[in-house]
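Asker: Now for the letters of each chain:
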Amino acid sequence: MTRKPKSPSPTRLTIAIEGEGLAPKDIRVRDLIELLEATASTFDALAAEKQLDKPSLSLAKITNGSARLELVSEDRAAPRLVDAFWSVVKSRGKGATPRTRRALGRLHRAAARTGGAALRIDPVNDKRGAKPLYLTAPVEEEQAKIEEATLVFARVVGVNIDVQEQGSITLRYDDGGSGEFGADLEILMRAAALIGHPVEANVTFAKGEEVRHPLNIEGIKKRKPQSSLVAAFEEARREMTAKGIVYDSTALIAADQEDEEGGVVETDRG
Amino acid sequence: MAKASAVLDTDVIRIALDNTDTDPSVALRRSYVELTFERLEKLGVIWVVPSPVVAELGSGGPADALDAIAKVLGGIRVQSLDEEAARAAGQITAATLKNRVRREGERDGVKFDALVFATAHQMGARWLLTGNRRDYEPYVKAISSRVEVVIATNPPPGQQAISVIMQSKP
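Residue numbers (the numbering used here), protein chains in the order written: chain Z, 1 to 270; chain L, 1 to 170.
Where hints are given, some of them may not hold.
Claimed, not checked - Estimated spans, in silico, between C-beta atoms of each pair:
1) L:Ala70 with Z:Gly105: 55 to 63 angstroms
2) L:Arg77 with Z:Asn202: 32 to 40 angstroms
3) Z:Ser228 with L:Pro24: 25 to 33 angstroms
4) L:Val78 with Z:Arg238: 18 to 26 angstroms
If you are wondering where the hints come from, they were derived from the structure by calculation, not from laboratory data.
Note that this is a predicted model, so its numbers are computed, not measured.
Note that the Cβ used here is the ideal one computed from N, Cα and C, for glycine as well.
Chain L extracted, bound-state conformation (with noise of 0.2 angstroms):
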């Protein structure tokens, strides 16, 4: 039997990459996506990254951070846009237009995000993790989509929530 993919979006790599250390939330985001990404993996998946995640890796945050980007990425398969997830993703994103009244200025184009649920859904990815929920629940219904969206940022299912920080009692 095949292994399960599991594709990584833009917010789980970035989340995951954060360094600061400095908000608690953050750090909180950070160790839920760990505790996804552990359970996962005892299920044997195969970590994908979608090219378009690739390119918006590469468009913001430090130049200096690309080198340490590239090698967490060496170790994932980077799955590249064709031309039926292309085709996924225009159909996503015509979809998408339709049930949207636009804003004064606002440009039409198809988002990184509709490109990485496109690839995902082409390639038969099992799950998308991300941080960002209400972008893909549109695209699942817009090509009847199996892939399942996994919010990575939030406690993973059966989980309990890590709520108590520090209290010293008055």
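Chain Z on its own, in the form it takes in the complex (with noise of 0.2 angstroms):
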């Protein structure tokens, strides 16, 4: 697994429960669990909609004003999603993808669910004179939105579940381009077992005037191979597994190399 690249120094956002009298002891620890959840799924959706690295977000202080939480990231595409998390806050989630505008009103339950008055978000980074934003539901999107059910062709590239059994599923089309889809954990256990195969999923967009954001896959199976030869190959394994042979690639590959090791050039196989 690869590192992420890490910024120079650790970009740092400030949320804090706003309430009379509230303090870090009047948050209940599932409630406060639940906010940095919401505040990780929002960075991870924003993430998606700006094609970047999610980002690994640590909490690294709990103070008194009502309740502070400072987070603070050291990836290098940090400081870009706290200024989109900034922007989409501000603008109440208005042109964000789906995504991210349920992952924005997650948050907004979230805070509520605290007790507090308020969410409060701090200007990002101490920036002098900025004053801070205070979360609001986002707003209804006044353009209307066609949701469109379709059937595609792509591959599994991804799967993700949270601890609260809340998932996605990243599929790569066939024709190009990828989306990441919400999806419920039936659909997410079968496209877990599916990573790397050819699908077929019906599957749903929201579709605006020039672009559409996907939304849901409601059904996934594994596809038929486009290429023949895939298909004989995938035939000819279906035949050595009914008759209980193994074919191991890995150790004949390895065995083939041995074997040439006495001869003329070292290879790098496996």
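Taking the hints as your guide, dock the two standalone chains into a single complex.
Answerer: Here's what the structure looks like:
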């Protein structure tokens, strides 16, 4: 697994649950966890929207005033994502993808559950003169969006499941591009078993005038290979498996390599 | 216009036949091989297996698998090693031996890979699909070949890598 590139100095973001006489000890642990999870999910959604790596966020400290949570990230993409977070809170999610808007709504609900009067977002990296923002519910999109249901041919390239069994599936479309969709647990588990395989998926998109945003996967199944050669190999594998034959390419390639060690050139197989 | 040919080497066939389904990295390599097959098939390629690959496939692995392999090969053109290709293989071997310090006890000899590459070169193949880049690179130079070596076990150019398998956030 590759390490994410780190920025020279950590990016800081402070959010605060405001309320008269409210202190960190007044926040229930479960509500705090949901608030942090909802914050992280919003960043994940923004990262997907901006096509950046998901940031690794840490809780640096919790202080009084009313209950201030200081989050830090050392990822190189973090400053861009914190700016995007600031913008999306300021615009109340207007123009953001459905996923980001859902995440923002969840954050708003999580903040309300803590019992505070409002969730305050302090100016990024303590910019002088900037005023804090207060999180409000995402605005209803004025522009009517049509939900489009369609069938896509793709490969599953990512499955994410969080602690609340909320998840997403990333599909790479056969005709180019990719999309991250929401899905229920059953679909997520099915997709996890299909990683790397060609699939056909019943999906929905929110369709704007010019763009369409992935919404959900309603159904997914393995697709018959489009290539006759892939189909021929699949048939051969099925036949061998049915006969109890194990064809272990790693062992065979290693043996080929050993046989040729006494030969001419070293290899980098495997 | 004649269709372009794509030659399969032994590693690629072995990976495509792998039915162990236990090692995710093997499944990933197989997935990339399949992607490469799909992409090239869309270009209308003719699949070719050089006869030395048939020999290498038969030299190892479960004997019972040979039937299944024969069925796959039945639908693919098998290209014989002719005299010209054999000469090219000799030329490749001579060039690579010249640039190499041999270890004690190491044998000289023409590798299967040299025979495979020479066959691909001689028949004018456009691509050679392999999982083994380092062996073939010197061969391309040795005989100034126009065959393009494609690492089929890597993501095809322009495709994003399959990097996220499953995440469970703490």
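Asker: Determine for every hint whether it applies to the structure shown.
Answerer: Hints versus structure:
1. L:Ala70 with Z:Gly105: 55 to 63 angstroms: holds (59 angstroms)
2. L:Arg77 with Z:Asn202: 32 to 40 angstroms: Given range 32 to 40 angstroms: holds, Cβ gap about 39 angstroms.
3. Z:Ser228 with L:Pro24: 25 to 33 angstroms: holds (26 angstroms)
4. L:Val78 with Z:Arg238: 18 to 26 angstroms: Once the Cβ atoms are compared, 23 angstroms apart, the range 18 to 26 angstroms for Arg238 of chain Z and Val78 of chain L holds.
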